[in-house]
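Protein chains: 2
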Amino acid sequence: MTPGAEGPSPRRRGRPSRTAGTGPDARTRILEAARTEFAERGYDKTSVRGIARAAGVDAALVHHYFGTKDEVFAAAIELSFEPALVLPQVLGGPADGLGERLARYFIGVWENPVSRAPLLAILRSALTHEAAAKVLRGFVLRRLLERIAAELDVPDPTFRAELAASHMIGIAMLRYVIRAEPLASTDPEKIIGMVAPTLQRYLSDG
Amino acid sequence: MTPGAEGPSPRRRGRPSRTAGTGPDARTRILEAARTEFAERGYDKTSVRGIARAAGVDAALVHHYFGTKDEVFAAAIELSFEPALVLPQVLGGPADGLGERLARYFIGVWENPVSRAPLLAILRSALTHEAAAKVLRGFVLRRLLERIAAELDVPDPTFRAELAASHMIGIAMLRYVIRAEPLASTDPEKIIGMVAPTLQRYLSDG
Numbered sequence: 001m002t003p004g005a006e007g008p009s010p011r012r013r014g015r016p017s018r019t020a021g022t023g024p025d026a027r028t029r030i031l032e033a034a035r036t037e038f039a040e041r042g043y044d045k046t047s048v049r050g051i052a053r054a055a056g057v058d059a060a061l062v063h064h065y066f067g068t069k070d071e072v073f074a075a076a077i078e079l080s081f082e083p084a085l086v087l088p089q090v091l092g093g094p095a096d097g098l099g100e101r102l103a104r105y106f107i108g109v110w111e112n113p114v115s116r117a118p119l120l121a122i123l124r125s126a127l128t129h130e131a132a133a134k135v136l137r138g139f140v141l142r143r144l145l146e147r148i149a150a151e152l153d154v155p156d157p158t159f160r161a162e163l164a165a166s167h168m169i170g171i172a173m174l175r176y177v178i179r180a181e182p183l184a185s186t187d188p189e190k191i192i193g194m195v196a197p198t199l200q201r202y203l204s205d206g
Numbered sequence: 001m002t003p004g005a006e007g008p009s010p011r012r013r014g015r016p017s018r019t020a021g022t023g024p025d026a027r028t029r030i031l032e033a034a035r036t037e038f039a040e041r042g043y044d045k046t047s048v049r050g051i052a053r054a055a056g057v058d059a060a061l062v063h064h065y066f067g068t069k070d071e072v073f074a075a076a077i078e079l080s081f082e083p084a085l086v087l088p089q090v091l092g093g094p095a096d097g098l099g100e101r102l103a104r105y106f107i108g109v110w111e112n113p114v115s116r117a118p119l120l121a122i123l124r125s126a127l128t129h130e131a132a133a134k135v136l137r138g139f140v141l142r143r144l145l146e147r148i149a150a151e152l153d154v155p156d157p158t159f160r161a162e163l164a165a166s167h168m169i170g171i172a173m174l175r176y177v178i179r180a181e182p183l184a185s186t187d188p189e190k191i192i193g194m195v196a197p198t199l200q201r202y203l204s205d206g
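Those protein sequences? They're chains A and B, same order as listed.
Under my numbering, read the first sequence as residues 1 to 206, first letter to last.
Under my numbering, read the second sequence as residues 1 to 206, first letter to last.
Please keep in mind that the hints were generated in silico from the structure rather than gathered at the bench.
Incorrect hints may have been included.
If chains are identical, the list can't say which one is meant, so a pair holds when it fits in one copy or spans any two.
[What the hints assert, rightly or not] Quick list of in silico lysine to any residue cross-link-like pairs, SDA-like style, CA-CA up to 25 Å:
id	residue 1	residue 2
1	LYS190	ASP205
2	LYS134	ASP187
3	LYS69	GLN89
4	LYS45	PHE139
5	LYS134	TRP110
6	LYS45	LEU120
7	LYS190	ARG179
8	LYS134	ARG116
9	LYS190	ASP156
10	LYS69	GLU130
11	LYS69	GLU189
12	LYS190	PRO155
13	LYS134	ALA184
14	LYS45	ARG104
15	LYS69	GLU181
16	LYS45	GLU130
17	LYS134	ARG124
18	LYS45	LEU87
19	LYS190	ARG29
20	LYS190	HIS63
21	LYS69	LYS134
In this text, all values refer to a predicted model and were calculated from it rather than measured experimentally.
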């Protein structure tokens with residue numbers, strides 16, 4: 001997503017600024033600022049105030065759109081996955097290609113540096129701060145996985161969606177964080193080709 | 001790895017403790033102290049000196065047995081996996097049960113609180129400190145995965161062993177760190193039953 005194009009705006013404290021604008025552009029700008037702040041500072045050191053400053057809006061506007069810091073965090077992560085845009089395509093295609101579409105979707109999110117940085121920050125934060133783990137558990141995984149699970153015609157759909165997610169998270173850890181070779185330099189298409197049948201099995205049968 | 005069988009050896013460097021003794025017992029005690037120190041303090045804040053203190057030996061003895069801090073770290077992680085003891089059984093059984101034996105082995109290591117704590121510490125450290133990531137990449141994964149890969153009769157055996165490892169690491173993240181439900185409270189046998197065919201496919205065929 002591109003930043004809003006409203007130009008520089010003098011900031012006011014207190015009520016939401018008249019100049020920074022509200023509406024979809026300000027909301028997007030806040031989300032992108034949040035993503036950058038969480039990525040650069042980690043969960044713990046990021047504040048609603050800092051996000052507001054980076055977005056050029058008032059903190060009250062951040063609260064207005066998102067509520068608490070945890071909710072901004074969850075929304076900033078969701079921004080990387082764009083579930084509302086992508087999931088219908090991923091989940092809606094032919095059933096026998098679901099594993100491959102899902103593998104391609106996740107690898108694509110991780111291959112993109114813009115979305116990778118905040119995801120790494122989230123994993124780091126979740127491993128070191130229970131508050132961040134709780135957000136990941138409560139908002140992100142539940143929202144994302146239950147949306148996937150709702151489309152599945154298998155027993156224990158959430159458990160199976162979690163198994164699929166665990167594989168993608170583990171690959172992200174080894175490939176992008178630990179950078180274990182040869183996985184770190186393997187062509188994404190080769191990874192997708194190997195992983196797709198696994199996800200397909202988890203999400204569609206036995 | 002089993003402790004060396006060299007028996008007690010007269011120490012030369014520094015002044016290793018009068019009381020603690022050397023030999024296999026001291027080596028094991030150092031490793032267990034290292035495991036506890038890394039688990040409790042993380043990679044960054046653990047020192048060879050601190051490990052020596054906890055084990056009741058001189059720092060010189062730690063260096064004598066293991067070399068650098070990174071090498072103690074690697075050995076402490078290996079202690080949890082006991083590869084020399086367990087891998088021959090896991091890798092040596094009937095080929096069609098390899099996936100299940102490997103899944104059971106990894107889940108078993110993670111289900112045991114004694115080995116889980118240091119593994120969590122390692123994941124945390126690897127995510128936040130490049131030095132720890134490097135140890136994990138260089139010593140641990142390479143040693144463990146290449147030992148597994150050496151037994152496989154497939155193309156790209158290390159890549160495939162890494163895919164298998166990535167799945168187990170991802171499950172550990174979701175189950176033990178983020179504690180996402182229902183995965184966090186699912187019977188280990190059920191997880192093993194679902195994951196075994198995945199590992200089997202990675203390690204034995206197309």
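Hint-by-hint comparison with the structure:
In this assembly of identical chains, the alpha carbons of LYS190 and ASP205 lie at most 25 Å apart whether taken from the same copy (23 Å) or from different copies (15 Å). For a Cα distance limit of 25 Å, the shortest separation of LYS134 from ASP187 across copies, 22 Å, qualifies, whereas the shortest one inside one copy, 33 Å, does not. Taking CA atoms no more than 25 Å apart as the test, LYS69 paired with GLN89 passes in neither setting, with 30 Å inside one copy and 49 Å between copies. Taking CA atoms no more than 25 Å apart as the test, LYS45 paired with PHE139 passes inside one copy only; the shortest distance there is 20 Å, against 32 Å between copies.
In this homomeric assembly, LYS134 and TRP110 come within 25 Å of each other (Cα to Cα) both inside a single copy, at 22 Å, and across copies, at 21 Å. Taking the closest pair of Cα atoms, LYS45 and LEU120 come within 25 Å of each other both inside a single copy (15 Å) and across two copies (22 Å). Taking the closest pair of Cα atoms, LYS190 and ARG179 come within 25 Å of each other only inside a single copy of the chain (16 Å); across copies the shortest separation is 30 Å, beyond that limit. For a Cα distance limit of 25 Å, the shortest separation of LYS134 from ARG116 qualifies both inside one copy, at 20 Å, and across copies, at 20 Å.
When the C-alpha separation of LYS190 and ASP156 is checked against a cutoff of 25 Å, the pair qualifies only between copies, where the shortest distance is 11 Å, while the shortest distance within a copy is 29 Å. With identical chains, the CA atoms of LYS69 and GLU130 are at most 25 Å apart within one copy only, with a shortest distance of 14 Å there and 28 Å across copies. Proximity of LYS69 to GLU189 under the C-alpha cut-off of 25 Å is found in neither arrangement, the shortest distances being 36 Å within a copy and 38 Å between copies. For the identical chains of this complex, LYS190 and PRO155 are inter-copy neighbours only, at 13 Å across copies versus 29 Å inside a copy, given an alpha-carbon limit of 25 Å.
Proximity of LYS134 to ALA184 under the C-alpha cut-off of 25 Å is restricted to the inter-copy arrangement: shortest distance 13 Å between copies versus 29 Å within a copy. In this assembly of identical chains, LYS45 and ARG104 lie within 25 Å of each other by CA distance neither inside one copy nor across copies; the values are 32 Å within and 39 Å between. Taking the shortest alpha-carbon separations for LYS69 and GLU181, only the inter-copy value of 23 Å comes in at or below 25 Å, while the best intra-copy value is 37 Å. Taking the closest pair of Cα atoms, LYS45 and GLU130 come within 25 Å of each other both inside a single copy (14 Å) and across two copies (20 Å).
In this assembly of identical chains, LYS134 and ARG124 lie within 25 Å of each other by CA distance both inside one copy and across copies; the values are 13 Å within and 16 Å between. In the homo-oligomer, the alpha carbons of LYS45 and LEU87 never lie at most 25 Å apart, since the shortest distance is 31 Å inside one protomer and 42 Å across protomers. For the identical chains of this complex, LYS190 and ARG29 are neighbours neither inside a copy (36 Å) nor across copies (44 Å), given an alpha-carbon limit of 25 Å. Neither within a single protomer nor between protomers do LYS190 and HIS63 lie at most 25 Å apart by alpha-carbon distance, with minima of 43 Å and 42 Å respectively.
For a Cα distance limit of 25 Å, the shortest separation of LYS69 from LYS134 inside one copy, 13 Å, qualifies, whereas the shortest one across copies, 33 Å, does not.
Hints 3, 11, 14, 18, 19, 20 from the list above are not met by this structure, while the remaining hints are.
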